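All chains, please: the whole structure from these sequences, using the hints.
Here is how the chains run, residue by residue.
Number of protein chains: 2
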Amino acid sequence: MSAPPDTPDTPDNAARKPYQRPLDIKRGRIDMGHGAGGKAAAQLIEELFLAELDNPYLRQGDDGASLPLPGFDPAAGRLVMACDGHVVSPIFFPGGDLGSLAVHGTINDVAMLGAQPLYLSACFIIEEGYPLADLQRIVRSMGAAARAAGVPVVCGDTKVVERGKGDGVFISTTGVGVVPAGVSISGRQARPGDAVLLSGPIGAHGVAVLSQRESLAFATSVQSDSAALHTLVAAVLAAAPGAVRVLRDPTRGGLATTLNEIARQSGVGMVLDEAAIAVLPEVDAACELLGLDPLYVANEGKLVAICDPAAAPVVLAAMRAHPLAREAAQIGSVQADAQQFVQMRTRFGGRRVVDWLSGEQLPRIC
Amino acid sequence: MSAPPDTPDTPDNAARKPYQRPLDIKRGRIDMGHGAGGKAAAQLIEELFLAELDNPYLRQGDDGASLPLPGFDPAAGRLVMACDGHVVSPIFFPGGDLGSLAVHGTINDVAMLGAQPLYLSACFIIEEGYPLADLQRIVRSMGAAARAAGVPVVCGDTKVVERGKGDGVFISTTGVGVVPAGVSISGRQARPGDAVLLSGPIGAHGVAVLSQRESLAFATSVQSDSAALHTLVAAVLAAAPGAVRVLRDPTRGGLATTLNEIARQSGVGMVLDEAAIAVLPEVDAACELLGLDPLYVANEGKLVAICDPAAAPVVLAAMRAHPLAREAAQIGSVQADAQQFVQMRTRFGGRRVVDWLSGEQLPRIC
Chain A
1 MSAPPDTPDT PDNAARKPYQ RPLDIKRGRI DMGHGAGGKA AAQLIEELFL AELDNPYLRQ
61 GDDGASLPLP GFDPAAGRLV MACDGHVVSP IFFPGGDLGS LAVHGTINDV AMLGAQPLYL
121 SACFIIEEGY PLADLQRIVR SMGAAARAAG VPVVCGDTKV VERGKGDGVF ISTTGVGVVP
181 AGVSISGRQA RPGDAVLLSG PIGAHGVAVL SQRESLAFAT SVQSDSAALH TLVAAVLAAA
241 PGAVRVLRDP TRGGLATTLN EIARQSGVGM VLDEAAIAVL PEVDAACELL GLDPLYVANE
301 GKLVAICDPA AAPVVLAAMR AHPLAREAAQ IGSVQADAQQ FVQMRTRFGG RRVVDWLSGE
361 QLPRIC
Chain B
367 MSAPPDTPDT PDNAARKPYQ RPLDIKRGRI DMGHGAGGKA AAQLIEELFL AELDNPYLRQ
427 GDDGASLPLP GFDPAAGRLV MACDGHVVSP IFFPGGDLGS LAVHGTINDV AMLGAQPLYL
487 SACFIIEEGY PLADLQRIVR SMGAAARAAG VPVVCGDTKV VERGKGDGVF ISTTGVGVVP
547 AGVSISGRQA RPGDAVLLSG PIGAHGVAVL SQRESLAFAT SVQSDSAALH TLVAAVLAAA
607 PGAVRVLRDP TRGGLATTLN EIARQSGVGM VLDEAAIAVL PEVDAACELL GLDPLYVANE
667 GKLVAICDPA AAPVVLAAMR AHPLAREAAQ IGSVQADAQQ FVQMRTRFGG RRVVDWLSGE
727 QLPRIC
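As you go down the protein sequences, you meet chains A and B in turn. Mapping to the working numbering: the first sequence position 204 is 204, numbers consecutive. For the working numbering, add 366 to where a residue sits in the second sequence, where the first one is 1.
Heads up, some of the hints might be wrong.
What the hints assert, rightly or not - DSSO-like, lysine-lysine: derived pairs with alpha carbons at most 30 angstroms apart:
1. B:K392 / B:K531
2. A:K165 / A:K26
3. A:K165 / B:K392
4. B:K531 / A:K165
5. B:K531 / A:K26
The set of hints was computed from the structure by calculation and includes no laboratory data. Every value quoted in this text rests on a predicted model; they were computed, and no experiment measured them.
Following this line, the structure appears as structure tokens:
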């Protein structure tokens, strides 16, 4: 409702679209920022993709769509579908690779709708000259991740492009799953007063990938947090039926961008507590060195849960009982705010606005 | 059973795998042939992808998978899922573009399982610097094709890669649909005696795309046949319930490769009648000029139906009553053949083996 105090970087309060001017479709060109998951990506999706492909499912605005299915008993739930392109560079990084990332990323998008992921498709676009041994390593890792998660890759396609027209391997995956009846999770459902929970320390995936980039090689022991979160989601939903309103994995654009997306979708604001947001010391050190803010660095094995505040202790306990969320914490709460600001109480007692990612902080991070 | 007469190009009869030596995974590299849909692609899929991702759904070996779904009434049918990568070059060609092709290709893969296509996902991998106006043209065409077919794009993703690491735009699409109970269509089901039907003249898509390639520009009026075939499939299945055993769209690798795939999957041979396989005169002329065999040129709006011979007249009549299959014809029949040869009676009264595509005849045709 009110402009936040103490915010020299406050964006134009009149315009709560994360971007100011419309896309210049006539003369504009794609830049790396359009793929970074921040403001530019949101604008491209809204003004070009949604405008042309418009339908009620796409308009749901979550990381996947919830769909009616003829022949499917509505009392049993709904079908969901989510898709993900993976262009991470380098393809192999500490804690994962393109193959496992593609499986985890899409399973997580399906799970964030409250669904049990069931099947994956995988489309490979491979550059001529790519070593078969490396391709096997990627596909083997994909198979292992799919088996570990119990979500098989049931169909696929393979295309090859000339040398210099691709970059090793790109993988696009689509996942389908079923949301049980009675479960309703969406970025549109955050309400003032709700608790904002985070499953663990942020920034590890982005830093792990960056640490492998040739031009930025530095010594760090950081491993990607890439993981399939569907069993964590199932545990959380079982612990507090009906209490969880929003689930989302803070990938591209990091925690800051994810929370801004949710604030915008739900038409609310949030206040975060900086001290409650965990960052591993080695991630913090690497970010310092690279001039990155961990709030904007991608994660591939973390989730944000927004829930009824009365149920927050139960939800937190269920998270902490799961091996992938031992350090779960409440990091803030939702508040009424027509301006949809995500604010943060800093460690030093001040307040600042945590805005959308506006640049391309980490291109090709997933 | 017997080696075909009059076949100087007969492959090794002892080995009916379409390839002789195993992949050299240790030292081998991807070449354009691995993406062309012929022998090399089949080997890559079998020895690398299937070996690593192995599961019963992927092993079905069709262009998509038929899947059980908890909560879905088996009496209502089964869920199917198919996916397709699209890297066609150039992106705009006579009769279509990357956007419409991505919709048609995936709808067709779903329809070839006998299913009603319901939803599509679409993942875009875009090269930095690509004009927004061209991207809008692609997405607009995709939206129009999806609306015309009644199959919406319900979820998507957008990734951007650096200039020189992609080639304009690549689109990967996944489709889901429902196969009605009682319908069972698969490449595994061709039986000796079955009729082999083709919905119309072949080769138009490949020639239309090739005609636009800079280095091979030549004057031709050929338009791609790119079209969504799901209403044709529905009409055929309704006309002769239970009679159709195999449906497939002869895309990459053309009619010849598609029939060899089916022969291999079903463990049968086929005898085709060259005179019955229609080729438009302008497609024929362009193929002559380019040294291409239309049997190996991709189609994006044709289907092969293999059915009970007693029902062939009814199936053919249903096809010809549909605007996309006015020139449907029986082009041959299935026969017992442990060697799984696809043979052709030539116009001159001889016989020859129609083998798998072995090179890369037309790279990036879809």
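Comparing the hints with the structure gives:
no.: 1; hint: B:K392 / B:K531; verdict: holds, 25 angstroms
no.: 2; hint: A:K165 / A:K26; verdict: holds, 25 angstroms
no.: 3; hint: A:K165 / B:K392; verdict: holds, 24 angstroms
no.: 4; hint: B:K531 / A:K165; verdict: holds, 6 angstroms
no.: 5; hint: B:K531 / A:K26; verdict: holds, 24 angstroms
The structure agrees with every numbered hint stated previously.
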